[in-house]
Amino acid sequence: MSALTRFDPRDDLMRFDNFNDLFRRFLRLPDWPAARVPGEIRLDIVEDDKAFQVKAELPGVKREDIRVSVDGNYVSISAESRSESRETKKDGERTLLREMYYGSWSRGFTLPCDVDDGAATATFDNGVLSLTLPKRSPARAKTIEVK
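Numbering (UniProt numbering), first residue to last: 1 to 147.
Worth flagging that the hints you see were computed from the coordinates, not collected in a lab.
Careful: at least some of the hints might be erroneous.
[Said to hold, decoys possible] So the derived label-pair ranges between C-beta atoms look like this:
id, residue 1, residue 2, range
1, E57, P112, 20 to 28 angstroms
2, E80, D117, 21 to 29 angstroms
3, R136, E99, 41 to 49 angstroms
For every residue, glycine included, the Cβ atom is placed at its ideal position computed from N, Cα and C.
Using the sequences provided together with the hints, build the complete structure.
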């Protein structure tokens with residue numbers, strides 16, 4: 001006679017754990033620095049009747065390593081995050097794990113109308129770049145006197 005065993009519906013699911021681990025290991029990216037490159041700069045853009053407000057996430061970047069350019073209605077943001085040099089390590093220190101990304105990012109986008117680049121402002125606080133981009137006044141039609 002066979003002994004009674006308690007039925008647990010989770011037992012069948014637990015058998016798949018080893019199978020899932022196999023696929024996780026197979027599909028994991030190699031631990032190369034290039035495989036850890038972050039995505040592009042993330043933005044929030046808000047428009048009102050006078051200006052565009054742009055917020056860009058730039059974690060780990062210093063203010064002096066950010067460049068913003070405006071050409072008509074095209075805005076370009078570029079930034080660089082620099083690694084601490086190996087010379088700054090104390091004697092006996094060695095890196096065990098390095099996952100933080102050091103390199104450069106850039107992002108460009110087009111706005112619905114031209115920007116008054118002379119009145120544009122930029123601030124950087126706590127890893128967030130904030131741009132205020134006033135809209136350029138539309139050119140008004142001129143009346144030309146015929147002689």
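Okay, the hints, checked on the actual structure:
1. For the pair E57 and P112, the supplied restraint of 20 to 28 angstroms holds, since their beta-carbon distance comes to about 23 angstroms.
2. At about 23 angstroms, the CB distance of E80 to D117 agrees with the hint of 21 to 29 angstroms.
3. Our hint of 41 to 49 angstroms for R136 and E99 holds, since their Cβ atoms are close to 43 angstroms apart.
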